[in-house]
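*Asks:* Protein chains in written order, with our numbering: chain A, 1 to 1022; chain B, 1 to 130; chain C, 1 to 228.
Careful, some of the hints might be misleading.
DSBU-like, lysine-lysine: derived pairs with alpha carbons at most 35 Å apart [what the hints assert, rightly or not]:
#1 A:Lys525 x B:Lys21
#2 C:Lys171 x B:Lys21
#3 A:Lys335 x B:Lys21
#4 A:Lys914 x A:Lys879
#5 A:Lys812 x A:Lys796
#6 B:Lys84 x C:Lys171
#7 B:Lys21 x A:Lys914
#8 A:Lys711 x A:Lys1016
#9 A:Lys711 x A:Lys525
#10 A:Lys230 x C:Lys46
#11 A:Lys936 x A:Lys907
#12 A:Lys907 x B:Lys84
#13 A:Lys983 x B:Lys84
#14 A:Lys879 x B:Lys84
#15 A:Lys928 x B:Lys21
#16 A:Lys796 x A:Lys914
#17 C:Lys46 x B:Lys21
#18 A:Lys525 x B:Lys84
#19 B:Lys84 x C:Lys46
#20 A:Lys914 x A:Lys934
Just a sample of chain A residues kept apart from chain B, beta carbon distances all over 12 Å, derived [to be verified]:
#21 Asp164
#22 His172
#23 Val460
#24 Ala508
#25 Asp921
Hint data in this document are derived by calculation from the structure and do not stem from the laboratory.
All figures in this text were calculated on a predicted structure; none of them were measured in a lab.
Heads up, the beta-carbon is just placed ideally off N, CA and C, and yes, glycines get one too.
Now for the letters of each chain:
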Amino acid sequence: MSQTASQSNRLAQGGQVDRTQTLTFTFNGRSYTGHPGDTLASALLANGVDLVNRSFKYSRPRGIVAAGAEEPNAVVQLGATEATQVPNVRATQQALYDGLVACSTNGWPDAQRDIMRWVGKLGSPFMPPGFYYKTFMAPASMWMTYEKYIRKTAGLGRSPTQPDPDIYDHMHRHCDLLVVGAGPAGLSAALTAARAGARVLLADEQETMGGSLLDTRETLDDQPAAQWLKTTLAALAELDNVTLLPRTTAHGYHDHHFVTLHERRTEHLGDSAPSQAGHRQSRSRLHRVRAGQVVLATGAHERPLVYANNDVPGNLLAGAVSTYIRRYGVVPGQKLVLSTSNDHAYRAALDWQEAGREVAAIVDARSAPQGDLVAQAKAAGIRVITGSAVLEAKGTQRVSAARVAAIDVDAFTVTGKVETLECDTIASSGGYSPVIHLASHTGARPVWSDDIIGFVPSTVAGVTASGGARGVYPLGEVLADGVEAGTNAATALGFSAAVNDADLPRVASRHEGSACALFQIPHEKATLRAPKQFVDLQNDVTAAAIEVATLEGFESIEHVKRYTAMGFGTDQGKLGNINGMAVAARCLGQSIPETGTTVFRPNYTPVTFGAVVGRHCRELFDPERYTPMQSWHVARGAEFEDVGQWKRPWYYPQKRRAEGGERLETMHEAVARECRAVREGVGILDASTLGKIDIQGPDAREFLGRIYTNKWQKLAPGRVRYGLMCGDDGMVMDDGTTSCLAENHFLMTTTTGNAAPVLEWLELWHQTEWPELEVYFNSVTDHWATMTVTGPEARKLLTDLTDIDLDREAFKFMDWREGHVAGVPARVFRISFTGELAFEINVQAHYAMHVWEALFARGEAFDLTPYGTETMHVLRAEKGFIIVGQDTDGSVTPEDLGMHWAIGYDKPFPWVGKRALTRSDTRREGRKQLVGLKPKDASVVLEEGAQIVFEPNHAIPMPMVGHVTSSYYSPTLESGFALAVVKGGHQRMGESVYLPMVDGRVHEAEIVGTQFVDPKGERQHV
Amino acid sequence: MFHIYCPYCEELREEEEFHPKGEAHIARPEEPEACSDEEWGDYLFFRDNPRGIHHEMWLHAVGCRKFFNITRNTVSYEILETYKMGEQPTVGAEHLAREEKTASVQAAEGGQQTVGASDAALASVKGAQA
Amino acid sequence: MSNSVHVYDARADHATVTAESPLAYSFQRSGMPASGEASGEASGEKSRAVIGERAFLGHLILRGGAIVLDEALREVLGVGLPGRPNSLTVDADGQRSVQWLSPDEWLLIVPGDETFGLETRLRAHLGGAHVAIVDVSAGQTLIELSGEAAHEVLMKSTVYDVDPHAFTVGKGVTTLFAKTNVILRRPDASRWELIVRRSFADYVYRWLLDAGEEYGIGVARESRHEPQ
């Protein structure tokens, strides 16, 4: 790191920086100093740093151009450590803090020694649009190689490779009125509406609120504007219906006045968010604002003039020059030439001269400029050259002179002799473009105004542009316009706003002459041959590129933009779009409004991913749903499986003796052990995640009959039935058991993942189709904990724990009984998803752990084995029980599943799905049907999803006739087995099918029934 | 992000609380068995996608859990009205009447309506294991 | 009362059965940061947001027509149904409340040991009217949130407007909370109540601790984890 440079461009006084404190920062490895109140840009200019970046395409040296969000060049990579890297930060928007570290994003390895200069040379004098694609395409195979390096040098910034130490958050806000921008218009609008009683949110992107008031030469009530600003901000802060958000950019306007704001809470304090009173605070915050009305007081961006070499460091916007001098006490050069089309820019020359530096000349394109500022400049002895413009900047690393000549604006020609004025700074102003980005996000197309030579927002209900944002520029009018916007918004919101004109500060009236429409400056050479005249500095789009685009046939401005990349990316055309349209219009021989309009997309300026994500990350990324036995599962060392948002025990690996100590079982080993326990002894499953819906009402039974495919009329209290649910398209949608609790009272279970959708489905039919049915549905999923005790020993285990008569005659398969288990009131259901004797115990979730632990205490004698979802899958598949969503996919009917027994074709009501089951398509031959597959090689476990063919020697492409839906190894069968859907499978029992694998192997399997274990279903009845 | 007036909660709520449920006023034929395959297919699968006024059914899923209707301009996204199930729209109703007349299925009484096919997403919910 | 509905007291005897509240595991796993007020710790810092679980209350869902339910409730509980959508009525000693959830749905919260008796008396009073009463006491829990920054914690968490001027006392809504939903209500000026589903309670708890960190959020230890 080299020595600290002095702040050679810092004035001894003036501006709003605190010279009593010195901050040290590093840019491109060099150390500099600045002061509190500086932005990174003002501090760089104070230190005379001309070169801040290399350009995107031509790798040309670039310096700071602007002082705000519109800055195209000084886009830097910020961060002192790898973990705190932030790309795409505008140096003009980054407050300086002690220890700040930044570097150029463009220009690898650094902006001073850029290896890409050869590319610029190669492409010189002219790289047409599409240059990279056209040049590096040959050989095509090399594009990937070229691209890697081009991208690296393209300077889009880079993401950190280490975890971000900071936290971010979101805040949802609601207000009557959102005011974007705290300049004179925004402040008056906010104050007016707030005083009328509206809840007002005022957001401003800068470090300090005030907008143009921060550097204006004008006075309010004969005082410096800063005084009025201070009073007004204090008045706003006092109102408890006003929220002020400084350092907050409104970056996107979405539907119905929903606006997203990015608040940089600690970015001005350091590399990482400091903790506050020992608590972490978020680095930045995304505010999601729902407003009743929106006032866009976003001001205007000055338009640079497009002349040759207008990108050389030392070319600045006129307004930026004033801002740096007046706000930061920094003069970015020694000798100035100002090129302008309007009066307002004259203040740059006045400020420059007052700062004690030399103004070589003001070059005004108008033949007879008249206005107070013009007069002031002349009175100050500044040379004013009229009817002329800067044609070209000289110099490479820094402006060394300006070539000036008389021009004919309308004829687009140079009419006079060229005079070369020595200078190191050229300020230019081609007028102002209202900042209509947010207004444009609403979808409303901006409209061209000849009066202000710019686009203004078109009207959207509830959105009011005010002040500079709609082309109102004189300060007095801006303040009045803000009051009017605030009044109208408050009135629209139902507040009565009493406007008192006396509230408005007095602004000294100033005569301003009219501006001329000036965009691209003619050069002695034609545009295609002249030195580069930049339109979009960030994307390196020149006037010549736009001309080429029009010559190549692009006539729509939207196409020109896409072909040339004008206004792309993080820049969003803030400086260049209007000039680009003007160039296109000139080339096409039409007016700007005829050429089209310009729209902008969110986001206005880049928003970090951290802010977008907020606290929805890491362990709070998505809800994790737990059953009441979660702590037990964790303590038992369960591996978990995500089922929807639920965490379900997948299997419970146990320790095994192994060489040299112990090891954990593999999943295969654990599942085999768990399966054997259920088939031979007793196992237990936490089934609390099953959806449970309480159904009450005299029409409950009728409703079930309409929504399920099977019959419910005769299900008696105390009995349980399996039900199958279809959509009206006849496709299986869910299944589960429903118990008759009482004549008008049922308990429906759904699959875990479908609990909410099924409840919604029931409500849909009830609310929209059959509101006359008297029935109510309520979710009780979380209220009841469910534990399934299953296996031949299940009854013995439970006997001592319950007062329910478990006798096989008293408590039959598909019965439920009420009683106590471990002293806790319980409903016990004799239903089975394993094919074994099974009892599903439901208790209130508060007591789940009590009962679960009591079962294990008693279960020790029976080696009670907890099993997870994997074992559950194997056991159910061995029985041919389907899983909706795994063995079905939305194209499977009950008949395809071979479940004709669950279809009540003769039910009187045309139940949901019935009609579709007799459509020609659902009746056709050759539908895929669910079958069992037994691999010829018992050691093979077929891949789930594997495609099935009948003829393995068929030429590729082979006709595919189905696929495997579920496949496992069965410890009971000592063989792999699978469920699959196969065309016409029900008629093909015993036939062989083939499964060609990626690695070239072809598995053979036999089509069998779906019930691999206990096909007669005797074991569940024991 | 829409701001939607729930006619049951009687206030504006954020879009995130709602689920869109497709075109409104699709009546399930009263006698499905009397429909031809084509008519049944129309009821199940065919929906309008107009540029402009559209009547849609929505569900206040995170809220009162009631289904209701929205008349919305699909170009400007403006919500012109919301109304309860069983009610008729006041905006674009003439368009609706024309539609019902040309539809090959019969409207149920009382303006009741439904969606036909099961939510495709429903059946294929990943992890919908028992 | 007919036998058409299975009315069932599934509440266990808390003297002999160990009950676990929905947040019991969360307290154990994520800890319970002290609330400055309660602990008076050396740091002396006061929590600007304080949460606490009110466990084992009785939660009943009432479905049916407003008129019959209102009449029955007034008779049995002495409190009527709230008249407007998104509102809440609370009885004199603040122990029993009724909240509008939808045009035909209300949430009744009472001390846990009153739940079954209340359901039985309501059903007796309602006779043959078409209503549904569903006990969901173990399926959800009530989290209290108080402190000067309480509404800011909520602003970070819910899309609903929780400005105390907009969300007035007596209001209650079902809305989003982070990526789940909650019933959010304001029974009095000093506190908010969140009613969360049991399986989501841990997520909500961790979210609250995280969102409340900058306000020094604490967990009130006087929360009743024991049945009343």
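*Asks:* Evaluate each hint against the coordinates.
*Replies:* A quick look at each hint next to the structure:
1. A:Lys525 x B:Lys21: Not satisfied, since the Cα-Cα distance of roughly 63 Å exceeds 35 Å.
2. C:Lys171 x B:Lys21: Distance of about 29 Å is within 35 Å: holds.
3. A:Lys335 x B:Lys21: Violated: lysine 335 of chain A and lysine 21 of chain B sit about 67 Å apart, past 35 Å.
4. A:Lys914 x A:Lys879: holds, 27 Å
5. A:Lys812 x A:Lys796: holds, 15 Å
6. B:Lys84 x C:Lys171: holds, 23 Å
7. B:Lys21 x A:Lys914: holds, 22 Å
8. A:Lys711 x A:Lys1016: holds, 23 Å
9. A:Lys711 x A:Lys525: violated, 89 Å
10. A:Lys230 x C:Lys46: Holds - the C-alpha atoms of lysine 46 of chain C and lysine 230 of chain A are around 33 Å apart, at most 35 Å.
11. A:Lys936 x A:Lys907: violated, 43 Å
12. A:Lys907 x B:Lys84: Distance ~32 Å between lysine 907 of chain A and lysine 84 of chain B Cα, so the pair holds.
13. A:Lys983 x B:Lys84: Answer violated: lysine 983 of chain A to lysine 84 of chain B is near 46 Å, above 35 Å.
14. A:Lys879 x B:Lys84: violated, 47 Å
15. A:Lys928 x B:Lys21: holds, 30 Å
16. A:Lys796 x A:Lys914: Measuring from Cα to Cα gives roughly 44 Å; hence the hint is violated.
17. C:Lys46 x B:Lys21: Violated, at roughly 48 Å.
18. A:Lys525 x B:Lys84: Violated, at about 70 Å.
19. B:Lys84 x C:Lys46: violated, 48 Å
20. A:Lys914 x A:Lys934: At roughly 33 Å apart (the allowed maximum being 35 Å), lysine 934 of chain A and lysine 914 of chain A satisfy the hint.
21. Asp164: At about 26 Å from chain B, aspartate 164 of chain A clears the 12 Å cut-off, so the statement holds.
22. His172: Violated: least Cβ distance 8 Å, not greater than 12 Å.
23. Val460: Check fails; 9 Å does not lie beyond 12 Å.
24. Ala508: Given that every Cβ of chain B is farther than 12 Å from that of alanine 508 of chain A, nearest at about 44 Å, it holds.
25. Asp921: Since the minimum Cβ distance to chain B is about 8 Å, aspartate 921 of chain A lies within 12 Å and the statement is violated.
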